[in-house]
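Q: Please arrange chain C on chain H, whose structure you already have, making use of the hints.
Next come the chains, spelled out residue by residue.
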Amino acid sequence: MPFKQTLLTLLLLLCSCFVLKSQEIDTTVNITSYSSSYTFVKEKGTDKVQVKESHKIKYKCARPTVLPLAAYYNENSKVTLFECKINGSRFYYKPKDTYVAIKDIFYSDARVVYYDLEVPANAVVELTVEKTTLNPIYFTNIQFVDDYKTQAREIAINIPAWMDVTFKELNFDGFKIEKNAELNAKDGTEKIVYKAVNLPAIKKERYSPGNTFIYPHLFALASKKANQDVKAYFTSLQEQYNWYHSLTANLDEHEHNAITAQVSEICKGKTTDLDKVKAVFYWIQQHIRYIAFEDGIAGFRPDKASEVLRKKYGDCKGMANLTKTMLKALNLDARLCWIGTNHLAYNYETPSLAVDNHMIAAVKLNDRFHFLDATETYLGFNEYAERIQGRQVLIEDGEKYILTNVPTTKVQQNLDFQLKTLSIDGKNLIGTAEQVWEGEEKENMLSSLHASKKDEMLEGMSSFINSGNNNFEVKDLTHSDLNSFDGQVSAKFSVLLKNSIDVFGKEQYVNLDATKEFANFFIDTAKRSHDYWLPYKMNVRKEIVLKIPAGFAVTNKPNNLVINTPDYAINLSYEVNKDVLTYKKSIQIHNTKINKKNFGAWNNDFKKLSQYYQEPITLKSTL
Amino acid sequence: MKFKLTFLLVLICTFSFAQDNKAKTYKQKSDELKQTIWQSNTDIFASNAVPDKYKGESAVVLGRSFEMQRTSNSKFKFMGLGGGNITKTNRTTVFREKVKINDKAALESFSKLEYEKIVDRTQSFLFSNMKNKAEVFVGVKVIKADGNEQIINTDEEVLLSSNNKNQTAKLAIPGLQIGDIVDYYICTIKLIEGLEDDEANKYFFFLADEYHVLKYSYVFQYNKKVRVNMLCANGAAAPVESSSGPEDIVYTFKGENMPKLKEEVWSSWYKNIPYFTVSSNYRTKLENLGASPLDKFDNKKSILENRLYNYGKTFNAVLYPFDQSPQKKLENKFKAKELKSLPLDSTMKIFYDQWRYNTFFTYDDRNYEMGQRRNYWRAFSRYNAAAACQMLCDMKIPHDLIVTTSKYSNTLENVFDDTDFDVLLRINGSKPLYMAFERFNTRFNELPSYYEGQKALVLTPTRHSAKEYTFTSVEATLPVSAAEHNKIDESLVVNFPTDMQTISVKRNVKQQGHMRLADQLGLLLMEDTDAEMTKMLGGEEMKKRTTSYNVKQTYNNLMTSIADARKAVKDNFSEEIRVQYDQAPKELSTYKIVNSGVTNTQPFEYETTFTMDGFVKRAGSNYIFNVGKLIGTINKFEQKDRTRETDIVMPSARTLNYQIAFDVPSGYDIKGLADLNTELTNEIGTFKVTSSSNANKVTLNVSRKYAVSNAPKGKWNELLALLDAAYDFTEKKVLFEKTGK
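If you're matching them up, the sequences are chains H and C in order.
When we follow our numbering, the leftmost residue of the first sequence carries the number 75, and every step to the right adds one.
When we follow our numbering, the leftmost residue of the second sequence carries the number 4, and every step to the right adds one.
Calculated from the structure, these hints are not laboratory results.
Misleading hints may appear alongside valid ones.
[Claimed, not checked] No farther apart than 25 Å at their CA atoms in a straight line, the calculated lysine-lysine pairs in the BS3-like style are these:
| # | chain 1 | residue 1 | chain 2 | residue 2 |
| --- | --- | --- | --- | --- |
| 1 | H | Lys670 | H | Lys682 |
| 2 | C | Lys136 | H | Lys170 |
| 3 | C | Lys37 | H | Lys527 |
| 4 | H | Lys277 | C | Lys570 |
| 5 | C | Lys37 | H | Lys386 |
| 6 | H | Lys694 | C | Lys735 |
| 7 | H | Lys305 | H | Lys242 |
[Said to hold, decoys possible] Per the computed footprint, the stretches of chain H lying under chain C, defined by three or more beta-carbons under 8 Å from a beta-carbon of chain C, are:
| # | stretch |
| --- | --- |
| 8 | 127–140 |
| 9 | 186–198 |
| 10 | 358–365 |
[Said to hold, decoys possible] Some but not every residue of chain H turned toward chain C, in silico, with C-beta under 7 Å:
| # | residue |
| --- | --- |
| 11 | Tyr173 |
| 12 | Arg602 |
| 13 | Ser603 |
Just so you know, even glycine gets a beta-carbon here, dropped at the ideal spot from N, CA and C.
So here's chain H without its partners, still in its complex pose (with noise of 0.2 Å):
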């Protein structure tokens, strides 16, 4: 809800949680050491496995700052020591206890512990912490880095020999990690311990692959050793499943006055079941707001779909859920489907909670599974984000589950087309063009426009059809129905290219691309650290076709300018038939994730195409 400014005093909406990771990372802090431990144990009365963690961490500022300590927990765990010393004084105060702001989640269970500590230049800050995972089903991963560079750290793990656990090494290649492990004789415990020395600070780039593919940690798994009782963690994906399932067993309301209404509404003057499936999808899309939660096991079981249609908002397991039961109310196969989106660098081959991070839906059509994410509120049917695109996929098959894959669309599903046929007038080009946007360009460019208020809308468009360029002038625009996600969205308007024209003597020089899509779009090698991932695979398709005005010929044009590679392929070229030049454009990248070691040749390669746009075409008096 806008508060207004003017209410804002009255209103007393001081925020009171704590902001995710919100502080600015000061880099001249260091942690000079780290140590932890994770130890199984038993809890005593209940027998219920836990796992209790202890940490040192100790700080060194070079410089006055806000340190923030914190330590993070949920309903699943709960922190039993929090303290500090500063130079070796133990501080005091109590620290700040409350619930976590996530940004994109309207509510989350998260839960933190936290100081934000003022020191002085050249403090040292002893960080002592204790915490227990209450079930270690929630206790999935390690991590050996932090927001600040650290000179050493040791984690040790106490296994003891009833408990079925291991820890899968992930991304050590590139960081000196040692492992010592030694088992106890006496009772069987193995202490597995990791030293590893001048570990990077955790760095925060834009379009960067989530962290689990980028820095070391252990990944705890069932070892499936046949000796070991306490079986904590999935031995299999069956088990897996069996634990989604049991959540989700007692979901099944398609029966459920409100959904059989609300089907036999969306589905009037339907007859085939993929129109039905189509019109129940997109009216989910256009009618369900997507609001995150997280909270508890809620986290992992989706809302009733009566309530969520009540509602109309929910999660993505909601959404999922009610896609599900609408289309079950209509008595075609669908199921709720499990997946981990392209943020995570695992897969249903090592089962544990942490392997996914979302739920769709999917439906069955001639033996044939779709695959239907209505959180993605402007894709059509059968169209794929990138970020499930080629994922495992778990879907819902009764006892038993089904194990698949998205299909990986090419790049072809998206599209950002734009045919313009324009003439010179003075040093102007003036005439008229069509616009087509498909797949997640639509998605892109509709998102945008929805987020604008209605009487901004056009100017919104006019601003993607014309990339921000004040020179290009988008007038009389019309457009197809901008809430219709089935296929295109078009859009046909006059073109006025301001200053477009160079006029030097008898020659003109006509600077045609007013778009240039991808130009400068250098990565800085100096600065990067991680791969370059985009969100979408691209395809930029241009074309203009130019009335060369009477008594002028062509004497100069930029040769075409091929480029070819598996990850992408640019092509640009001008034609000249007779008294019409033709210059068409197509930029498309097939691989959104561009290596760290291809950064060279993605600049060299995008510095040609940047090249490319300054060149002018020349047309010359003949006259």
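A: For chain C alone, kept in the frame of chain H given last:
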């Protein structure tokens, strides 16, 4: 209508402060409030109809009301071993709004509520306590297109914090869709014992909004013991006064069709948009005993007179001691007779510089940051002018206080609070000399741009004792500086490397008057400025100017901060270039401050050498040089910004001159140079370009002059013409044509 609104408040307040209410749970109170508010029928919320002309809007506020009731009384309170009468205030506010949702943007904006449900700051003292508790109740109703109303169960909220003293909640409104009307209220019921900050009882409303508001009312109800101040500005109608009984007074602001706010560049909202503000105050006799003299208010005088009276009472060296080092500096430097004989412009400059030095260049344990942010510190003009005035009275220097307001804030007539005006000093010698107590780079006898042309009150002080001053006042208008006074002179020498891929630019920038201030703040290193000021004033080394309970540690912090600030200098210059050209330099090879312009009256001068991409493009065997871009980025005004609703209020009149020099690359001729020449002059200013060449040496002189800082909205097209001319020039190019063709 008036009766109904008042009735609603009475109902709520009777409910909220009733004795048996203490025993009620939050839920019970919330339910009763819901019933009261939803059952109240007022014409503000009667209609669900949206006129056709608003159907293209994102949202339309069909009705909005804000109702406030304050009751303050004296209450005897036992405190520890003693007791006394303190203020007990019950305050209830109800904000209610009924909004038609027309699109997703509005749905997103109005579909979530976040509020502090309970804030209990009650303090306990032995067997007593001072209550300070607020409870916030919300209610939401969704009205569907068919008129069906759904009252939302607010128990669906989620709690973000949940202890007894503090509860913050969030509610995602279920069932709300595009096309619906959301009708919601936020009711705050607060009980406070003891004095409150005056700000807590101040309400300010612009009568314009993000959305069209079809009907609105703002109702303020007070018991008669409470003193109420009110101001209606820029044409806002005065409230209707009424009463619901002998003990209270009600003020009602009511209207229809509150316009949608249009943001315009170079505009002053406080001068253009109607607004009103209401505040209230109550103190027991006991509280008044210990109250500051500034808290007194004479109802027979205007608000401004009261505020100035209060300001005059701060001239009391006993109650409000101040730093006297500027006076001491002069007295130590000159004998009394000598001081009298010296011209005022030289002695007063020393006085003023010493004030700057003491204000901005002293360090302590909370005040050691030396990064760029420190440059933006601003002094409190009222306090510093008062201190300076007392010193000058002591030294018998003839001077006046100048009370005025910024051109971007309220007018002098619309002063409401003690902080709604600023104060400068004017030394009355052979010519007026101004002292503005602003920033470290504000010079002696320099009037900040936002005061130029403003109405002012000239207060002439008379000192009766160290504790008593009186003032006589006359009205005046502050002077306005000419465009020639606020000037930038840029010299750009451009070279072309053989591959013609980049250009190399040696840029020298001299800035004078108001045009130097922003870049001084962005580029000057505080460490260097400190050294310069110390040298000029014969000050002590930095360590001796560091006061702290732990000088060594604070000094260490200071040195660390200085080292950090030094590392950022190159980035600061790079950022200046990026802002100027909307493009970062490819490489910044040299950068330096030539003259800080802080300790002298010379222009602020700096030099950079850098390379830039994108200024030259190949055209066959020729090259096209976008020479116009060298004057920097000029905003292109879109069609929607080409109409004007408010008068133009620019920071200052100004002149920007650019001299661009380059050699035509060997093997090429230049074409199009003469086409760059242009001149446009109108009432607002001039844009002029002249070019010349001698052999292969080319010089361009570009001048942008804006002769006025303020202009009526009718002159917008003339200003646009100048801006368009400058923008068009940034698109201008010359051709380097290969010779021997």
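Q: Tell me the numbers of any earlier hints that the structure contravenes, in ascending order.
A: Going through the list in order, the structure violates hints 3, 12 and 13 and respects the others.
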